[in-house]
Amino acid sequence: MIAFVIRRLAQGVIVMLVVGFIAFSLFNFVGDPVALMLPPEATQADRQAMRENLGLDKPFYVQFATFASNAVQGNFGISLRLGRPVSTLLVERLPATLELAFVAATLALVVGIPLGVYTGLNRNSWLSRVFLTVSLIGVSLPTFLIGIFLILIFAVWLGWLPSFGRGDTVMVGGWSTGFLTGSGLKALILPSITLGLFQLTLIMRLVRSEMLEVLRTDYIKFARARGLTNRAVNFGHALRNTLVPVITITGLQLGAIIAFAIITETVFQWPGMGLLFIQAVQFADIPVMAAYLCLIGFIFVVINLVVDMLYYFVDPRLRIDTGAAGGH
Amino acid sequence: MNRSSWIARFLDGDVFYSFKRSPLVITAAVVCLVCIVAAVGAGWLAPHNPFDLKTLNLLDAFTPPAWTENGKPAYLLGTDDQGRDVLSTIMYGSRVSLMVGFFAVILAMVIGIALGLVSGYVGGKVDAFIMRVADVQLSFPAILIALLIDGVARVALPKDSHDTLALYVLVLAIAASGWVQYARTVRGSTLVERNKEYVQAARVIGRHPVAIMFSHVLPNVLGPVLVLATLHIGTAIITEATLSFLGVGVPPTQPSLGTLIRIGNDFLFSGEWWITVFPGAWLVIMVLAMNLLGDWLRDALNPKLR
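Those protein sequence lines, which keep their order, are chains A and B.
Residue numbering for the first sequence follows the numbering used here, starting at 1 and increasing by one per position.
Residue numbering for the second sequence follows the numbering used here, starting at 1 and increasing by one per position.
Isolated chain A (complex conformation) (with noise of 0.2 Å):
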């Protein structure tokens, strides 16, 4: 076990330092830092002056130990499109990605789930072959096309919800929040669609075909042979066995969900992280994009670090060949 964390985490670290790394030579190495931070007019004595104050004279080890404990304590410095603290335009970021994110989330399990349990139960009745055309569908339409078409018929056709940005947002303890004005929820529903439709059809898929294995197996047909109601058969037992999965494949598509959510947040025109990387991809913000590249790579090692444990926790067999797990 402790030999298991141990090397994922080591894993993880190792991202990680790859990631900075890459974020460190794009700070260091494409465009001169001190060009970018000093006025045109600047001497060469200023230069020089500039060039010591940020270490930049010290060998290349240094540096990048100085960019990493600078990364970990959040101060990749100063964006040169908004003239701002990296970090703080982040953390004024952040509300409005996660928040997107939890709805949408919350959306593709508490319609996902559902549908799944129906076209695995039913899985010859016509509204079972509906949901799943629906979904091949839905899996073949791009984001983007997905928010777009949603913006011109409930937006500029019928005119029944807002098309970009968060409505008005209200201020919890340094959070802001969408959730308490009626505009901030309306302006939700839309872009929470867009991103939540394809871990939605996901989740329905993976629900079903797990219902369709574990409605096979000899348990059920015991239990129904006991005499069991079909309600207690098909969610007290059947139910219960799928959501394994299904919790460990919501919690890698968490990473997604952030990953996409650049996609919807660039349609929507949504304040949120993701359109400030994208912007800053546009203007060649160098330190917004290693503080999002650190940022994210950081997300993702913590969620699939997170899930490999649930999942040891959760599934007894893992724990038996560890060697066979890790070592191949």
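Careful, some of the hints might be misleading.
These stretches of chain A come out as covered by chain B in the derived footprint (C-beta under 8 Å, 3 or more residues) [claimed, not checked]:
#1 92-106
#2 115-126
#3 199-213
Below, a sample of chain B positions facing chain A; criterion: calculated Cβ distance under 8 Å [said to hold, decoys possible]:
#4 Val155
#5 Leu246
#6 Asn291
#7 Leu293
#8 Trp296
#9 Leu297
In case anyone wonders, no lab produced these hints; they're calculated from the structure.
Positions of the beta carbon are idealized from the N, C-alpha and C atoms, including for glycine.
Start from chain A and add chain B according to the hints.
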């Protein structure tokens, strides 16, 4: 074997039989063919040349599709803000989309096959390292990897060579985000193949390991890879469209379907829906048809599923 007997054998075979039996697959194949012909032949088939500035007329800008009230028969699907024919821009745009998708898949395949072969055949530390990298990459969504590589490369490249290099960067980014699947598949089959007699025989007669890998093992592990590739093309095209939509893809001088959708998106609110809806619909139909064909091919070539 002469040519006609090869065709006759194909027409008699299982694959063609299952093709004939499914109207959905036939439709998908026809749609794919139409899309490819329209894209490749855009220079001859398109009703207008949207990049020939002389033929553009700003008075024709924002003409709605031909069947609506203010439509003009010359512009079947309407025109955009610069008076360019939407149908023609779609045809030229799908050429860029298909090209980027196609080359990205080829490159991903080459990288994946090479690494998979080496990983499976050499084994040991090399194998462990390559597979670890693959594991790590698989834990990130492909679109994010492509976006990060593309974004970093755009910033790293000098400004003036941006537009000329953008296409290559894009192909590289999409390929780098998709090689893992190929590597894993090839590694799996290589592990099986390398213990077979023909490989041992080749080793005994003293052939170089590289020669064994590429001229003996490779032909025997290629089947599943080709099926993967047909399914990957749709994904690659969507990735390209997404990156172009985000404004970090192909340069605006060579618009792909994603760029067209991005441009049209600005006019959604002023009522000019056709500028964005038609390229979007074209993209979806093309990718859907390709995915259906790929799905069918996977099932048709897999005897276990029959």
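*asked:* I'd like to know which numbered hints this structure contradicts. Please list them from smallest to largest.
replied: 1, 2, 3, 7, 8, 9
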